[in-house]
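Protein chains in written order, with our numbering: chain A, 58 to 392; chain B, 31 to 310.
Simulated from the structure, these hints should not be mistaken for lab results.
Among the clues, some could well be false.
Stated by the list, open to error - Here are the simulated lysine-lysine pairs, DSS-like style, with alpha carbons at most 25 angstroms apart:
| hint | chain 1 | residue 1 | chain 2 | residue 2 |
| --- | --- | --- | --- | --- |
| 1 | A | LYS379 | B | LYS187 |
| 2 | B | LYS150 | A | LYS384 |
| 3 | A | LYS379 | B | LYS244 |
| 4 | A | LYS379 | B | LYS150 |
| 5 | B | LYS244 | B | LYS157 |
| 6 | A | LYS384 | B | LYS157 |
| 7 | B | LYS218 | B | LYS244 |
| 8 | B | LYS226 | A | LYS379 |
| 9 | A | LYS384 | B | LYS158 |
| 10 | A | LYS276 | B | LYS85 |
What the hints assert, rightly or not - Stretch-level coverage of chain B by chain A, calculated; a stretch enters the list once three of its residues show a Cβ under 8 angstroms from a Cβ in chain A:
| hint | stretch |
| --- | --- |
| 11 | 97-104 |
| 12 | 112-121 |
| 13 | 151-161 |
| 14 | 195-209 |
What the hints assert, rightly or not - Chain B is faced by these chain A residues, among others (derived, beta-carbon under 10 angstroms):
| hint | residue |
| --- | --- |
| 15 | LEU78 |
| 16 | ALA80 |
| 17 | ILE81 |
| 18 | LEU248 |
| 19 | ILE272 |
| 20 | ARG273 |
| 21 | ILE284 |
| 22 | GLY326 |
| 23 | LEU355 |
| 24 | ARG375 |
| 25 | TYR382 |
Even for Gly, the Cβ is constructed at its ideal location relative to N, Cα and C.
Now for the letters of each chain:
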Amino acid sequence: MKLTSLWSTFRASRNFKWVVLAAIVISGSLLLLLPFITSNTYVLHIMISIGLYSVLALSLNLVTGFAGQLSFCHIAFYGIGAYTGALLMLRLNVSFWIAMFAGAFMAAIFGFLLGLPTLRLRGDYLAIVTLGFGEIVRLVFVNESWLTRGPLGLPGVPAPVLFGYRFSGRVPYYYLILVVFLITWFIMRRLTVSGIGLAMLSVKSDEIAAESVGIRPVKYKLMAFVISAAIAGWVGTFYASYIAFVSPDTFMYTDSITVLAMVILGGLGSLPGAVVGATVLTLIPELLRAINEYRMVLYGLLMIVMMIFRPDGFWGMRYRVKNAYKKTIRRVKDD
Amino acid sequence: MTNLLRIEQATLYFGGLRALYDVTFEHRGDEILALIGPNGAGKTTLFNSITGMYKLDGGRIIFQEKDISNMRPYERVHLGIARTFQNIRLYSELTVLENLLLAHPGCNRETIWGSLLLGKNFRRNRKKVVEDCEAILELIGLSDQATQSATSLPYGKQRLLEIGRALATDPVLLLLDEPGAGMNTVEKAELTSLIKTIAKDRKRHILLIEHDMKFVLNISDRIIVLDHGEKIAEGSPEEIPKNEDVVEAYLGKQNFELYSGHDASPANLDNEKSIAEEIK
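I would like the entire structure built from these sequences, with the hints used as guidance.
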């Protein structure tokens with residue numbers, strides 16, 4: 058409570074704009090210059106992981122935080138993207154940049170096919186279906202070995218080539234994920250303040266009221282599902298190329314739950330929240346490596362403590378910009 | 031004869047309970063039609079059938095010469111039927127203004143590409159949406175609270191916001207489910223003039239449910255009375271209070287055999303009501 062009022066006083070103050078601008082400039086330039094500050098591959102790897110998980114959390118946030126649907130199969134879409142991209146690059150020598158969009162497209166198709174019949178289900182029923190779908194996808198990766206080589210996985214996924222330059226080392230991947238992250242952020246930002254975002258929020262909190270003002274719930278649930286799957290598939294191809302190897306055990310349902318935890322811990326329905334959640338939950342297991350056997354215990358403890366003391370997450374919806382929809386038309390001149 | 035809304039022999043069962051039976055009436059347009067009846071008479075059930083939350087077991091609902099009996103609720107909204115809820119259903123996470131915005135058809139029609147690109151025409155359309163909604167806020171007197179959370183408003187204002195949200199869908203017919211519930215006398219007087227303004231100046235046709243008889247008789251042009259899922263009377267505000275069936279439905283039948291010598295003065299009405307319930 059106190060933090061919220063402190064925030065609103067700060068927000069109302071004249072300095073707010075400058076402080077935010079300064080924070081964006083400083084953190085932005087730090088992120089841009091990071092490879093020049095440190096050449097430590099471990100640090101860069103962590104940063105790339107944070108970027109990757111931020112993109113996953115941002116996209117899942119659209120489904121769970123905005124449209125209000127509990128999905129346990131986000132990693133399956135990520136996996137579909139990774140396998141699609143890897144297979145296209147390995148078997149058909151397709152360029153990474155095209156494979157990336159093919160991965161997104163394929164994941165979107167599966168999102169649509171899964172969503173169309175199942176999004177009429179409510180809450181827990183949908184959760185079970187998505188859990189099942191995630192497992193089916195993984196089992197297909199394991200068993201259809203003519204295509205996926207089964208548990209052996211697909212090694213040697215090629216690196217992207219940009220204007221004749223072949224990616225090597227962490228640095229180019231770091232910049233690539235930064236770009237992917239910024240594009241995702243932009244898409245999410247524009248969508249969530251639009252009529253689509255408002256409709257999704259209304260479906261989340263009260264479907265009956267939503268229908269009674271002319272909003273078709275299934276349409277918005279499906280839209281959220283497909284967009285979110287596409288972005289997960291997109292970043293999945295990035296992952297395949299970055300690790301240069303895909304195998305079924307990367308796409309376990311536990312990873313879906315980790316991403317879901319990032320969204321919830323960060324704050325449902327909040328873009329900065331998703332990024333904070335992804336950052337915290339990527340960093341903590343790394344920082345706790347020293348006490349390896351107690352790592353998961355502490356991880357679980359953090360979740361419990363968070364849910365007791367800050368149930369709406371680190372950066373929940375209460376910090377959202379009020380009437381953001383109206384703010385997008387500030388520059389429209391009168392006719 | 032063309033009517034705005036025609037309910038034809040509406041019948042609905044909940045398991046063995048007959049919620050609506052053979053209800054037929056019409057909304058002629060350009061009138062404030064009120065639906066009254068004792069608790070459990072089927073008023074809200076009828077509302078839910080008109081808006082599509084329940085599907086009728088028998089009968090039809092004709093809106094502007096179109097059979098809408100099998101349409102989904104959101105499709106009926108697109109045709110121009112909007113409603114408010116008896117138990118307020120506002121979005122607590124959203125602001126007062128946003129509660130109206132999301133109901134506006136212009137806001138609902140926004141596309142993915144449009145929202146991503148934010149072109150000139152798109153923003154102009156968005157500007158119109160905001161202006162429309164701000165005009166509604168002005169009308170219901172909530173302009174100053176536009177950035178507040180919807181559920182931080184006092185109860186009476188939340189009811190007004192519900193009406194505003196229904197108005198934002200740009201309806202032809204507005205269904206108000208107990209708009210005055212929980213309001214004090216002053217608020218009710220304001221509500222009466224607001225509803226009259228909406229009907230006359232904004233040219234919306236109104237069908238409302240209300241318990242407060244004084245309010246109903248004051249506001250409505252015509253009244254339909256339901257009891258136990260059946261229509262028992264229909265008439266002007268002058269006729270309805272004199273109708274014997276209506277008085278009986280509300281107060282119960284006078285049983286002179288049991289209570290001979292009993293006089294039916296208003297002072298005894300409460301007493302009589304409880305007796306009527308006992309007999310039931």
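Structure-based check of all given hints:
1. LYS379(A) x LYS187(B): 20 angstroms, holds
2. LYS150(B) x LYS384(A): 15 angstroms, holds
3. LYS379(A) x LYS244(B): 40 angstroms, violated
4. LYS379(A) x LYS150(B): 23 angstroms, holds
5. LYS244(B) x LYS157(B): 41 angstroms, violated
6. LYS384(A) x LYS157(B): 10 angstroms, holds
7. LYS218(B) x LYS244(B): 10 angstroms, holds
8. LYS226(B) x LYS379(A): Measuring from Cα to Cα gives roughly 32 angstroms; hence the hint is violated.
9. LYS384(A) x LYS158(B): 13 angstroms, holds
10. LYS276(A) x LYS85(B): 21 angstroms, holds
11. 97-104: Since three or more residues must qualify, the claim that chain A covers the stretch 97-104 of chain B holds, with 3 doing so at under 8 angstroms.
12. 112-121: n = 6 at 8 angstroms, threshold three: holds.
13. 151-161: holds (count 6)
14. 195-209: holds (count 4)
15. LEU78: 21 angstroms, violated
16. ALA80: ALA80(A) check fails; min Cβ-Cβ to chain B is 24 angstroms, beyond 10 angstroms.
17. ILE81: This interface hint is violated because 20 angstroms lies over the 10 angstroms limit.
18. LEU248: With a closest approach of 6 angstroms, the LEU248(A) hint holds.
19. ILE272: Where the cut-off is 10 angstroms and the nearest Cβ of chain B is about 6 angstroms from ILE272(A), the hint holds.
20. ARG273: 5 angstroms, holds
21. ILE284: 7 angstroms, holds
22. GLY326: Cβ of GLY326(A) sits 7 angstroms from chain B, so the hint holds.
23. LEU355: 32 angstroms, violated
24. ARG375: 9 angstroms, holds
25. TYR382: 6 angstroms, holds
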